[in-house]
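Participant: Take a look at the letters that make up each chain.
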Amino acid sequence: MGERLLLRGNEVIAEAAIRAGCQCYFAYPITPQAELLQHMAINMPRLGRTFIQAESELAAINMVYGAASAGVRTMTSSSSPGISLKQEGISYLAGSSLPAVIVNIVRGGPGLGDIAPSQCDYFQATKGGGHGDYHMIVLGPSTVPEAGQLTMLAFELADRYRTPVMLLADGMLGQMMEPVELPKPIEISSLPKKEWATDGAKGRDPNIILSFDLDPEVLKQMNLILQKRYRQIEAKEVRYEETATSDADIAIVAYGTVARIAKTVVRMARAEGIKLGLFRPITLWPFPGQALRKLSEKIATVLTVEMSAGQMWEDVRLAIAEQAETPFYGEMGGVIPTPQRILSEVKKHAG
Amino acid sequence: MPVDVQNMQKIFARPDSLTDAKSTYCPGCHHGILTRIIAQTIDELEVAERTVGIVPVGCAVFAYQWYHCDAIQAAHGRASAVATGVKRADPNLIVFSYQGDGDFASIGTAESIHAANRGENITVIFVNNQVYGMTGGEMAPTSLVGQKTTTTPQGRDPKLFGYPIRFSEMIAQLDAPVYVTRQALYDTKHIKEATKAIKKAFTNQVEKKGYSLVEVLAACPTNWKMKPIDANKHIAKVVEKTYQLGDLVNRG
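Residue numbers (this note's numbering), protein chains in the order written: chain A, 1 to 351; chain B, 1 to 252.
Bound conformation, chain A alone (with noise of 0.2 Å):
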């Protein structure tokens, strides 16, 4: 600790993952995550690690398949429409319960969209994206100095649970720049052997790595062991951040760069005398909808602010039911919300 450096959010992200002991990067370029790939280009092959340009997303996220197998902390990155492309090479990671860390830098969408700052791909990250019953760990940072604290957390979830993580971060978070202490580098010699990984069968029966069985039974209890980790993760993972929430009698649920936002709108709403809280999800997946829930049994309206068209409302509104009003604002397109606009909608619903 100790060293102090104004970095961009993207440089970050690919500076904490060298530190968190990633031994393999592969990615594709695509903008607003560019800085990250040029990060890796320079640094990882000084360190004597592996760095590749793909030929393409798929490859990409197939080559993390192949080092993640061989049992090295693995990672690449890309923006929404990349990350649309390695959804497949995702559902295999899932299936194969391999341990890798994929970043998204979202732009706006869908389809070629723009590169302009966006949640709109919450649902591709939290419910699937991929085939088949699966879920992956989301951590959604609001910060840049987050962005690098959970991208070393992501490295060690993902080995913990042997599940892919996913950082889904957007195009502000990624260019913007802010003073950071850079986390201190982990030992890779004092990580856990995986006894499971596909590093030669020496003194050992074979290792092999698949998602498939085409006897229904056995894939329905591969299924099981998935579903029952998921479980595991859903009591243990969760992650949230409460701001001014304990006499506040509203409060706004948002995440990533609209939470940082919202602090603005809790410290103006505060000024005109409106008691605004803000509750902010940290893990998209598992959603904090325990904790999100008692908050809503004291506080009469959760407002849901994100820019997209109300993907994470849905979870809100699951987690609340009918004990509070659960109106929604949101923005598209890469369209940011200023804290007025916010503060508008606050007026509309307080008190």
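All clues given are correct.
Here are the simulated BS3-like pairs of lysine-lysine, each with C-alpha atoms no more than 30 Å apart in a straight line:
id, chain 1, residue 1, chain 2, residue 2
1, A, K298, A, K263
2, B, K22, A, K220
3, B, K200, A, K202
4, B, K227, B, K189
5, B, K200, B, K189
6, B, K22, A, K202
7, B, K196, A, K202
8, A, K202, B, K10
9, A, K347, A, K263
To give an idea of the chain B side of the interface with chain A (calculated C-beta under 8 Å), a few residues:
id, residue
10, E49
11, A71
12, A75
13, A81
14, V82
15, G85
16, R88
17, L93
Rather than coming from a laboratory, the hints here were simulated on the basis of the structure.
Here the structure is a predicted model, which means the values were calculated and not measured.
Note that CB positions come from ideal geometry on N, CA and C, so glycine has one too.
Knowing the structure of chain A, use the given hints to seat chain B on it.
Facilitator: Chain B only, in chain A's frame:
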């Protein structure tokens, strides 16, 4: 004369790297011969303890059961990318991918070409039987002109579906590959030659020379709707006219 069992010499045995798991291949299919050759090669080079096989989607999807070595089942067409990931994670591992014509030369076209173009130090076994065997005998990118398949019931018409793709010749245009060859398995002579080629392809990797590709013309009597013996003759008389045997690149 009584047989002296005690002093009998064993002259033929299952390679140590080949398991006794039941084959899922059809009678007359060449995958079985090829599987044995690969296992034998792994034995001869004494690399079983550091070999990782990448198996495809298709008839060879169960191939992980047949080798006494680590194995990974890859998504359709992505075996060369997965092999890249494994090899780069640990260059000491001996990594081979085993891919059919649909896997390698159709859905995996980009991964196949670019792994070769990077000169990944891996061994690729490309099984060309001109048909999709597992899914029900559909047209492959390598199907011959006029070949009847379940998706070209009138025969492959190049005006509609293009020509058989000579993928190994495409790979051979690249600067990086050290060994690209096409082999067959329809008689003893060709099995011996293919065995030599596969050993060379693995040896290149052990010696860190770079990318090797062995294309193998294989029979699919089931989907060709031929007797196994006729399928073998068909390769010699017909298939070889489109796909000539021999080395295309040999920089080893």
